[in-house]
Every structure is written in structure tokens, then in C-alpha cells.
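Top line first, the protein sequences correspond to chains D and W.
Note that the first sequence covers residues 1 to 297 in my numbering.
Note that the second sequence covers residues 1 to 297 in my numbering.
It should be emphasised that the hints constitute simulated quantities derived from the structure, not laboratory data.
Keep in mind the model is a prediction, meaning the values are calculated, not measured.
A virtual CB, placed ideally from N, CA and C, is assigned to each residue, including glycine.
One thing to keep in mind: the hints can contain errors.
Covered stretches of chain W (chain D as the covering partner; in silico rule of three or more C-beta atoms under 8 Å from a C-beta of chain D) [as the list claims (entries may be wrong)]: (1) 123–133; (2) 201–211; (3) 265–279.
Protein chains: 2
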Amino acid sequence: MSVAAGSTTVGFIGLGVMGAPMAGHVLRAGFDLLVHARRAGQAEALLQSGARWAATPHALASGADVVVTMVGFPSDVETLYFGDGGLIESARPGTLLVDMTTSSPALARRIGEAAAARGLRAVDAPVSGGDVGAREARLSIMIGGRAEDARALEPLFRTFGKTIVHQGDHGAGQHAKLANQIAIGGTMLGLVEALAYANAAGLDAGTLLSSIAHGAAASSAMTNLAPRLLAGDFSPGFYVKHFVKDLELALRGARDELGLDAPLLELAAARYRELAEAGYANDGTQALYRLYREKSG
Amino acid sequence: MSVAAGSTTVGFIGLGVMGAPMAGHVLRAGFDLLVHARRAGQAEALLQSGARWAATPHALASGADVVVTMVGFPSDVETLYFGDGGLIESARPGTLLVDMTTSSPALARRIGEAAAARGLRAVDAPVSGGDVGAREARLSIMIGGRAEDARALEPLFRTFGKTIVHQGDHGAGQHAKLANQIAIGGTMLGLVEALAYANAAGLDAGTLLSSIAHGAAASSAMTNLAPRLLAGDFSPGFYVKHFVKDLELALRGARDELGLDAPLLELAAARYRELAEAGYANDGTQALYRLYREKSG
């Protein structure tokens, strides 16, 4: 089966800040689109643009050639794929199951195996780029699964992705995404602590950034998040609660699965957990600065 | 006194990988140049191009309008400024003393006070940009001291600097540089651990970078150091031993001077100290990856 606008029916489950704009791109590219979300209201704009509603995951899987899932947590993914009326038991033979949630590599492998046992195909394909990347159709998509399935999905992925890379077998997409989050963890901790140090030393943070933002300390976080942070804007580009989830997933992967000592990841997970527990789970990741400001008074 | 090519004699002490190219730019811009280095051989090329040799710091200070120091460690700076025949006692009234070594903010303040007491002027002006930035005359110069002295030095700083910013009073240049190093510490720890995680998970690191190098995890370190690291090239752009020095300075500043909890900085200092103690002090900072490779076998 080849995936193409005009002939392929895509089922999309999960229409949050990421899923809704992604599904919109799929629809505008000419794919037949079936949608489902826990909160039906999230589908309204898509339905008005020509998408069709599926009342349950089972109904959606029964009528789709490709099923994309973009939900919140690994537990949601597990229920969706393995629960009663779940995708594994509901999808028609040959269906391509595409989990784009940032989730557990081990769960991705389980889905891959269960899918194969039922004559289905599955890939894990988490993304980076955030809600802005989703709206502007320039996500980075990291794919785990068989290379031929990754290739087959390209016409679909191109509707909302810019960088589309097959990372390896089932779970490799998730591992790549978690590696990405580890790198971001280090950059965020360093950036925020540098600004806290500068603040404590009596420097003007904006003046500091004019010295350091384009040299060896340069990062996407410094360019995009430091100005927000310094303006006291802690609104979410990327939620603290989601970053905690990702860092905990990476930590479990490093410790339990890979046997890797990961001291930076441990610190990043601990700091962001502390921030979430202090009541800032719904802030953006730049809010880590609050831990310093509040300590120093 | 205004600083200008053709009328100002610049004395330059310290002609290592940073100092030598910086002094070369000063000379080529038309300044009269006096040089001194512990190892006289380091001055040879400059002397052949028209610089004059000063046998001691005292001789240099006695004949210069501006004295630039670019040496290794805060202890070297202390000896140079406060030792017998040091710059504070040797310089002529009105001389501008410019320490460009990455050094202690507290020492920079002491120099500022001692200089003022003798009718001298002093600024701290550490740089970032490394040996490449020094050769290509595009260093970032972070200045602490009086604004009028920072302004007066611009014609000199422009010969080797691109980003020249007055950060505040004596010591503020050093604090800015240390904040820069804290941010780099986080970025390096995150980058290296992300690559170690990817390696342990069986990903191809080059393929991983093609997914993540231009998104939210992007950094100067990822662009410039990850390819070297993955090629097994641990040669120094920036030495581990110097980074350890900088992180220890920042840690003392945070703890003892500012009363700031700095967990990321503590971890970065501990990891790089561990790397130096394992025998890799003369590698480049990307060699932090060795701590992971050697642990996982």
C-alpha cells in the first residue's frame, strides 16, 4: 500500500496543541481525514474543513489506512493500542500505525511486535519543533521501525514535517527524541544558571546576552527563551510537565534499559520535577529560573 | 590620554595561543608594541615584525601607556600585578592596565582599587572566542571597570575584537565571562550525555544529529564540537585544564562571593575535574565523552 493524498484515508487521534495543526496540514494536503479526540470539541474546526468524525478509536481504526496517534503520556498510548477496542485489535491488516507521542522506547517495541503479529505495520515517530513547528509545518520527525514503512509515510510526513529521518528499528525514534531532550536539558540548566549567576553578580542580563549570545555559549534556548525569561514571561512554548515526562522517560531508558550513568539527566529531571512540584507544571521550560530567584529572595 | 595607533605604546604580556595573535593584530594596526613573555621564544615572530622586547614586566610597564596581560591563571595575574617589580608599582601614573586573562572577579576588584590608589587606571577584559577568534580578530570582549576607560580602549580592542561590551564596574567583565562558561558547561554536559545515550541505545550519532542539530537542541557546541567528538578528535579548541580553572572560579564566585546555589555548575566542575584527573587535561572540552565511553566499555 502506498500512502498518497487522494487515495489514503488517514485517521488522526489526539487533537491538542500539536495534533490539531498537524491534522490540519494533512487535510489541506488532500488526504481523506478521520479524526478522534477525547474532547470532541477539539475536532470542530477540522470537521468544518472536511474531516470526518470517528466516535471511538475502534471506529477510526476500522476505516483508516494509516492511523496517527498524538496523545499525552505513555499510559495513554498503551490504552489506545492495547486496551479494549484498541488499535492493535481494531485495525485492518496492512494498516500503518504511527505513534507520534513522545513515549517509551520499550512500549514502541511492544507495539511493533504486537502489530507484526496481527499483520499490521507500526512505526514510532515522535517530533520536535513544538507547537510553532507544528503550525508552520516544519517539525523534525524521528522515525523508528522498518525503513520501507518510514519511506512509505514520507508523503504524509511531508505535510507537516521538514526534517524526516529514519533513526533505526522500533523504538529508535523514541530514543532519538529522548537524546534530543537530554541535550536540551543541559542547555536549559546551563542557560538559566548562567543568568542566575549574572543576576546575583549584579550584571544586567540583557547586556550579558549581548556579549555571549553569538559565541561558544550560543544555543537555540539562549536565542529564543532567554529574552522571554528576562521579560518575566514564563508562558509555555513547551510545558514543564511535558518536559518532566520526557526526562523521566529518558532516565528510565538510561538506567533500566541501557545501564548508562547519566548524571546530567538525573540533575535535569530532579530540577524540573522540583519546579513542577513547586506549582509551575503549566509554565514553560524557561520557568526553571524561578528556582533561583525564589531562593535568592 | 586617548588610545590611538601611531601615538600609544601598548605593552603586551603573555604570548600564548591567545596573546600572540592578539598582539599581532595590535602591531599590524600601527600601535607601537612592547612585548614580554616568560618564554622569550614566543615573541620571536612579533619582534621580527617590529615589536620591541621588554626583559621584565617592570621594564615593559615603565615604557607603556597601556599594559595588556593575557596569562594563564589567577595566581599568575596576582604575581604580575602585585609581586616585586609588578605592574602596580612599576607603571607610570595614568597608565591603563588591562587584564584579559579569565581570572577572579575579586582579584579584578583588588587590582582596580590598588591601581586607583597609585593614580593608575585598570579594567578587567576577558574574552571569549578561543584561538580561532583571536586569529580572526573576532573576539567577544567583556569589560569591567569605569565606562570612560572602556570607551578609551575601544581603538585597541577593535584591532582583535568584534563584540566589545562594558559589563559594569571592576570584576563585572570576569563575572560575565564566568556566566558564559556556566552556560557552556550546561550545553557541553547535555550534548555529550545525549550522544552517550544515543550510542548506548544503538543509534547512529550522525543520523541523530541530522534530526536534532537545527531544532530546540541546537547549540554552537553541537554544530562545532559534536562532529569532532564523533570523529574521535579530542584535540583542543579549548583545553579541559582551562575549562576546569574557569568552572572552579565560577564555583568559588557563586558559593563564596554570591551565596548562590549552583547545582549545574557543581556538576560541570566535578565532571571536568574528573576528566582532567583521568589524564585528559590537555584534550579539548569535547573529550568529556571519554567518561561515558570508558564506563560503558
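**Request:** Check each numbered hint against the structure and report the violated ones by number, ascending.
**Result:** none
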